[in-house]
Amino acid sequence: MDEQVKPVEPQETHHGAILGEELKKIQPEVKANEPEVIKTPSIVELNSTYAEIVDISHHLDYSDSTILAYEIANKIPPEAVRARMEENFQLIQNIDSINPEEPAMTICIPVALGGEDPAMLAGIVEQLQRAAKGIHYEVLFWINATADTIAEQDIQEAYAKVISAISQVEHPQLTLRAALQIFDKDTLSISKIRGNYMEAVAIDAEHRGFTANHPVLWLDADTTFVTQDSLGKIVSTINTGDANFVHANLQFSAEWSKGTPIEELDDATKAIIFNEIFQRKKRRGRAGDVRVRSSYIEESGLAFSLGTYLSAGGVDRKDPINESANLIYRFSKNVTKDTPWPKKPERIRFIKEARIGTSARRHKELVKKYGVKSLIEPERTGYTSEGLFTEMMKGGADKPITREDMERLLRAKGVNFTEIYESILRRLFPDVDDNNQEERNASD
Numbered sequence: 002m003d004e005q006v007k008p009v010e011p012q013e014t015h016h017g018a019i020l021g022e023e024l025k026k027i028q029p030e031v032k033a034n035e036p037e038v039i040k041t042p043s044i045v046e047l048n049s050t051y052a053e054i055v056d057i058s059h060h061l062d063y064s065d066s067t068i069l070a071y072e073i074a075n076k077i078p079p080e081a082v083r084a085r086m087e088e089n090f091q092l093i094q095n096i097d098s099i100n101p102e103e104p105a106m107t108i109c110i111p112v113a114l115g116g117e118d119p120a121m122l123a124g125i126v127e128q129l130q131r132a133a134k135g136i137h138y139e140v141l142f143w144i145n146a147t148a149d150t151i152a153e154q155d156i157q158e159a160y161a162k163v164i165s166a167i168s169q170v171e172h173p174q175l176t177l178r179a180a181l182q183i184f185d186k187d188t189l190s191i192s193k194i195r196g197n198y199m200e201a202v203a204i205d206a207e208h209r210g211f212t213a214n215h216p217v218l219w220l221d222a223d224t225t226f227v228t229q230d231s232l233g234k235i236v237s238t239i240n241t242g243d244a245n246f247v248h249a250n251l252q253f254s255a256e257w258s259k260g261t262p263i264e265e266l267d268d269a270t271k272a273i274i275f276n277e278i279f280q281r282k283k284r285r286g287r288a289g290d291v292r293v294r295s296s297y298i299e300e301s302g303l304a305f306s307l308g309t310y311l312s313a314g315g316v317d318r319k320d321p322i323n324e325s326a327n328l329i330y331r332f333s334k335n336v337t338k339d340t341p342w343p344k345k346p347e348r349i350r351f352i353k354e355a356r357i358g359t360s361a362r363r364h365k366e367l368v369k370k371y372g373v374k375s376l377i378e379p380e381r382t383g384y385t386s387e388g389l390f391t392e393m394m395k396g397g398a399d400k401p402i403t404r405e406d407m408e409r410l411l412r413a414k415g416v417n418f419t420e421i422y423e424s425i426l427r428r429l430f431p432d433v434d435d436n437n438q439e440e441r442n443a444s445d
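If you're matching positions, the sequence shown starts at 2 in our numbering and goes up one per residue.
Because the hints were derived from the structure by calculation, they are not lab data.
Hints are not guaranteed to be accurate.
Simulated crosslink set (EDC-like; lysine to aspartate or glutamate; CA at most 16 angstroms straight-line) [as the list claims (entries may be wrong)]: (1) Lys369 with Asp268; (2) Lys370 with Asp268; (3) Lys134 with Glu87; (4) Lys162 with Glu117; (5) Lys186 with Glu127; (6) Lys374 with Glu408.
Label pairs and their computed distance ranges (CB to CB) [said to hold, decoys possible]: (7) Ile322 with Ser165: 43 to 49 angstroms; (8) Glu265 with Ile191: 42 to 48 angstroms; (9) Pro101 with Asp230: 23 to 29 angstroms; (10) Ser237 with Ala152: 42 to 48 angstroms; (11) Pro101 with Pro78: 51 to 57 angstroms; (12) His208 with Asn75: 27 to 33 angstroms.
Every residue gets a Cβ at the ideal spot worked out from N, C-alpha and C, and that includes glycine.
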């Protein structure tokens, strides 16, 4: 006699029974001898779940029931979260007429007003238009400012220049939208910026009847290129449901150095270019091996379905940075244990063919200020010795970069220091002895 199939009972989580009750709402009744069918929740249901769990941090010790009870008791009430979501949605301004069809994906780009060149933002629109390949996408520029960063009377003028620059680019496959949000200096953080534009996207999706599988891609305002297959590869991977999160093959570029021989560039730029050379070589050698990927995930190039984001409770707004890592961690805590997956997807999939470039200008400033050690990411390499950092920091800020520093960098990243790398470093970072040897050779 066939055993009767029973519905999955909701499990208690560290948020009490919130997720279990939500699961009960969306789980259909299962009858004997019938396969279990899991109904995808609507955006309305997901927005409701999100409002319940968004402001509960995951950096606390939840094994302590007192801490958990305090956190839940002091979180923003769901109705206040919903009001905040609506307020963020109201900030969106349509640059183009809205296409009634659901776009293939929404691309979100945070912009620091006064900190980004409008021409570079226009270049992003050009890159996305080329990569669209006949498919319709929406692009949301979430523009933020603080009154002490740019004079208050100049904010609207600066915003208008950005809108003018991006709207003048031909973009028949893109629908451009923008929002201007002014923060107090003490409340501004990138996690709140991302959290706000995602709340606006969620309410917009609810009003327009989008599905929970609607893909969302994060890009940075210093994106330099998007290859033609990138957007389509990201969308198709999300739509299959084979991975909860998708990440593009992010590559850093030194676009300011074009036309200048590498030997003539400043040391910080040479260090960045050399770092990117062996990083790409390392990625090619280990393509598809998620085990070697870092626990730190770059925000630019991360993509997911809107349903994944909302059911995770969004980014951790109490942590000013680390939005990607926190989002993926929250998803693992809030969703995977209580979800009866028809098949278990990968947590994150890196797509080699989806190449997206981002400017290394910020990296350059860090290298100039802190030296080569700023190119070392302990989370990625497993190299946690503070001794190396201390050695590289001797001499204070603006310390000249030496070949010895670059050799340490290679070894810290687990790179086999071959003769090829050594010859490149001798050319890029010659020591005094090298110059003297060249002079002796020339005189012979």
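Consistency of the hints with the structure:
Of the supplied pair hints, the one linking Lys369 and Asp268 holds, its CA atoms being roughly 8 angstroms apart against a limit of 16 angstroms. At most 16 angstroms may separate the alpha-carbon atoms for a hinted pair to count; Lys370 and Asp268 meet this at roughly 12 angstroms. Annotation: proposed proximity of Lys134 to Glu87 is violated, straight-line Cα distance about 33 angstroms (limit 16 angstroms). With a C-alpha separation of about 11 angstroms, the suggested pairing of Lys162 with Glu117 holds against the 16 angstroms cut-off.
Straight-line distance between C-alpha atoms of Lys186 and Glu127 comes to about 32 angstroms, which puts the hinted pair past the 16 angstroms bound. Restraint check: the Cα-Cα separation between Lys374 and Glu408 comes to about 12 angstroms, which is no more than 16 angstroms; the hinted pair holds. Between Ile322 and Ser165 the CB atoms are about 31 angstroms apart, so this pair departs from the stated range of 43 to 49 angstroms. A beta carbon spacing of about 35 angstroms between Glu265 and Ile191 contradicts the range 42 to 48 angstroms that was offered as a hint.
Against the hinted window of 23 to 29 angstroms, the Cβ-Cβ separation of Pro101 and Asp230 comes to about 27 angstroms, which satisfies the hint. One distance hint, 42 to 48 angstroms for the beta-carbon pair Ser237 and Ala152, holds here, with the actual separation near 46 angstroms. One distance hint, 51 to 57 angstroms for the beta-carbon pair Pro101 and Pro78, is violated here, with the actual separation near 35 angstroms. Roughly 31 angstroms separates the CB atoms of His208 and Asn75, a value that falls within the hinted 27 to 33 angstroms.
Checked against the numbered hints above, the structure violates hints 3, 5, 7, 8 and 11; every other hint is satisfied.
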